[in-house]
Amino acid sequence: MAGVMPMAWSVFFVLLFPGLLFTAAAGLAATWVDRKVTARLQWRVGPPLAQPLWDILKLMGKEVILPRGGNHGLFLAAPLFGLAAAAIASAIVWLPLLQGASFVGDVIVAVYLLVLPSLALMLGALASGNPLAATGASREMKLVLSYELPFLLCLVVAIVRSGFSISLTGIAAVPVVGSISGALAFLVSLLCIQAKLGFVPFDVAEAETEIIAGVYVEYSGAPLAVFKLTQAMLLVTLPVFLSAVFLGGLHFAGWGILWSILKIVGIIVLVIVIKNTNPRVRIDQAVRFFWHGLAPLAAVALALALVGRATGIGWL
Amino acid sequence: MSIPLPVLPVALPLAAGILVLIVPRALRWVHETLAALATTATLALAVILFLRGAPDVRLPLLEVGGFSLSLDLVPSALGSLMLLFAAGFGFLVALYSLPAMASSGRRRQFYAFLLLALGGSAGVFLADHLVVFLICWEIVTASLYFLISTGTPESKAGATKTFAMLGGADGCLLLGIGLLWFSVRTFSIGAIRVPAEGWLLAPAFLLMAAAAVTKAGSLPFHTWIPAASEGAPAAVMAFLPASVDKLLGIFLLVRLCTGIFVPGPAMGMTLMVVGAVTIVAAVLMAMVQHDLMRLLSYHAVSQVGYMVLGIGTLSPVGIVGGLFHMLNHSIYKSCLFLCGGSVARKAGTTDLDELGGLAGAMPVTFGAFLVAALAISGVPPLNGFVSKWMVYQGAIVAGGWAPLVFLVAAMFGSALTLASFVKALYAVFLGPPSLRTRAVAGEANILMVVPPVLLALLCVLFGVWYRFPLDVFILPAVGTPAGIFGVWDASLATVLIAVALLAGALVYLFGRMWRKARVADPFVGGERVPADRLRISGTRFYDTIRDLPLLRPLYRWQEGGIFDPYVLLGKAGAGVTWVLRRIHNGILPWYLAWSLLGILVLIALFALW
Chain A
1 MAGVMPMAWS VFFVLLFPGL LFTAAAGLAA TWVDRKVTAR LQWRVGPPLA QPLWDILKLM
61 GKEVILPRGG NHGLFLAAPL FGLAAAAIAS AIVWLPLLQG ASFVGDVIVA VYLLVLPSLA
121 LMLGALASGN PLAATGASRE MKLVLSYELP FLLCLVVAIV RSGFSISLTG IAAVPVVGSI
181 SGALAFLVSL LCIQAKLGFV PFDVAEAETE IIAGVYVEYS GAPLAVFKLT QAMLLVTLPV
241 FLSAVFLGGL HFAGWGILWS ILKIVGIIVL VIVIKNTNPR VRIDQAVRFF WHGLAPLAAV
301 ALALALVGRA TGIGWL
Chain B
1001 MSIPLPVLPV ALPLAAGILV LIVPRALRWV HETLAALATT ATLALAVILF LRGAPDVRLP
1061 LLEVGGFSLS LDLVPSALGS LMLLFAAGFG FLVALYSLPA MASSGRRRQF YAFLLLALGG
1121 SAGVFLADHL VVFLICWEIV TASLYFLIST GTPESKAGAT KTFAMLGGAD GCLLLGIGLL
1181 WFSVRTFSIG AIRVPAEGWL LAPAFLLMAA AAVTKAGSLP FHTWIPAASE GAPAAVMAFL
1241 PASVDKLLGI FLLVRLCTGI FVPGPAMGMT LMVVGAVTIV AAVLMAMVQH DLMRLLSYHA
1301 VSQVGYMVLG IGTLSPVGIV GGLFHMLNHS IYKSCLFLCG GSVARKAGTT DLDELGGLAG
1361 AMPVTFGAFL VAALAISGVP PLNGFVSKWM VYQGAIVAGG WAPLVFLVAA MFGSALTLAS
1421 FVKALYAVFL GPPSLRTRAV AGEANILMVV PPVLLALLCV LFGVWYRFPL DVFILPAVGT
1481 PAGIFGVWDA SLATVLIAVA LLAGALVYLF GRMWRKARVA DPFVGGERVP ADRLRISGTR
1541 FYDTIRDLPL LRPLYRWQEG GIFDPYVLLG KAGAGVTWVL RRIHNGILPW YLAWSLLGIL
1601 VLIALFALW
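Chains as they are written, first to last, in the working numbering: chain A, 1 to 316; chain B, 1001 to 1609.
Anything over 10 Å on all C-beta distances counts as not near chain B; from chain A, calculated: (1) A29; (2) V33; (3) V37; (4) V45; (5) Q51; (6) L184; (7) W255; (8) G293; (9) L297.
To spell it out: a stretch of chain B is covered by chain A in this simulated footprint if at least three of its residues, at any positions, have a beta carbon under 8 Å from a beta carbon of chain A; those stretches are: (10) 1384 to 1394; (11) 1421 to 1428; (12) 1519 to 1529.
Derived by calculation from the structure, the hints in this document are not laboratory data.
Note that this is a predicted model, so its numbers are computed, not measured.
In this text, a Cβ means the ideal position worked out from N, Cα and C, and glycines have one as well.
Can you make the complete structure from the sequences, with help from the hints?
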């Protein structure tokens, strides 16, 4: 019986707060920020705060169309798998920041869990049997490969800066961005989460004008709503993860609350501005950009961090 | 006099194997029964040995001068663990082979050498005498040659290459054992514990480690695995290169690093470099393969990198992670090869371009393949994730900048693994059916379905309740106390995934999806395209990456065999024989001139003496 209480708490953490329910609500709010900022950049008024919620609810009630010749079981299970992974990932990312509940190596677990929504998207798309979805899935996979390399290097910069700590609390205790290597790594990983979110200029997997929403092409109704909700959750979880890794974490006492929200919203707005001011790249351009451009930059940041650590120069 | 327990798992399969070779070819049922009974009995013996242990066996065989050969079998914790798994794989593969090899004309050869390889492996795991160890090791190598050549006619080339490379590695092992003996003057494995330094012991360590990583299939001596995969039966690939060869190679490596030798940091670094390079290089090759078996075989290479990297960190968590990864790899890789074999049997090919849409016809095989593919890609909460994560921790604990680079390589390799399995899943199971696969109806024989399913279940079990294999199998085997690594609550995460899936299903129900679901043709830009025109080749998924300026030459060189020691040595050998052939021109005066020259050299030597 000893394990029941912690188990119940964990279920609470993942399902209600800070996991599924809370992150979903925060995510919908974040998509509202996205739509509002986008609208203002385009000299429109933008939707009211509740609009993302209404959109999801409306999608839930819509007809679901299953593609003929596809694998329907996997097609319907994939969105749920992605949602579950996003919920657990956000619990693992939030909890150390909220109550210092961290375990050794949770950074690695978080990185793995944050790839799973993309994997779910690819499996669902491939299960649809649609050639456009298959094209989109292959692009999504290549995109994952592209941004993971610099993203991992940036993460290692943070690990080095925090004195080889591999727990989120340990890394969050150090404001990594307050050094040349840390700032460089933060900038690179900002572009990486742009791709992780599938935002322009890296929305090659969806690319409405080329492959008709690619990975999403066969999705409709409730499964599509689940995917949209997952994306919305990532729109919050990834900035929180970046704040934890690079910006010295979040604090929820006194003025810290305001400062923490500012960090998250700041990252979201940065991502949205990049999204609205750039054209889409081709997939091969994206791969080159990440592997030939950002990965060496991140490697330089790692070298600087190691030199700084070896020589004791804090600002490197 | 009763036969001591540790002798049985070695002697029984060897005797049964020889018996199968003797029994006439026509008595097919005798071969199959013998194989099934012997593997079952070996598994039972291995279980008893693992649970109860047994006293050491020391049977002196002969003594010549300073050399003494004796059959020393010591069931160590690690050895009996390895034996348990090897016997388990032997049992499952024998089960699978009953229908899978039913139409093969070389059944007798197959079952005989399957049993011999099992007996040889058991000998390796239990031997405490370096010469006995070497003999058993050779039995496995030779058996593998005969096993591979039971495949298609094209398998001969792969078998020869395998035998040449593994034979060369065995030569290294022999040389290493010789150097070791020269230095310590004993063959008793348990009694040796020397630092891997100095002009005798450092080469001895490197030679024996080279033999170990060749057996396991790590770079740079990995090329026999893809070559073997081209014609060998899937059961053979699943049994030896995918699982038991990994057990053997990593067993020796762990023995070398934690028992026989005390490796210094330089040796650890060498292993880590080998591991990290193996992970990335082999998986890059796997990504662009067009054949399912070759793709799987490159992963059988790449995954060794994690084991070697983990052991090379020389930290407890890294070594435990490396060993655990070895067990996990054996489980999911043999599952994948067995699924591949079922696909080959039903569709008649393993060419990815000619497969597709098998998820509908073979749902159980698809499920097993999917689980194993996610496990090998390190998707939590499956087993591959846990052991990789421990290897990563080992790399961080090892300290310094180089292990951090290896960490990035290993984690990135994991993403590349995922990529190539996404491609394989699409090309074999999910993509639209091809002309060949459209005719496939129904699963393979039940005996070909059960082993992969059992292995896939093990993937889930070892991932979700990973404390069980760690506490029961691995930690006692290496004598490391528990609690040395970070705790990731996998069973909790699984409950959570289940709960979240349930919640998601409720969301679906809330949307009253079932009432409104409707099946329609896929939407392709509004065109009405017949289904067979919808094929997007899975094999072209990663051409973008293949064509990158930095990688293109590497791929080209690889195809030219520049990274293949077999090809390189072959060319060097051809160069030498070319010179000799020029000398052998059949003209008598030339031969006389050479003889004269030889006599002159001899005279000069004697005169100077």
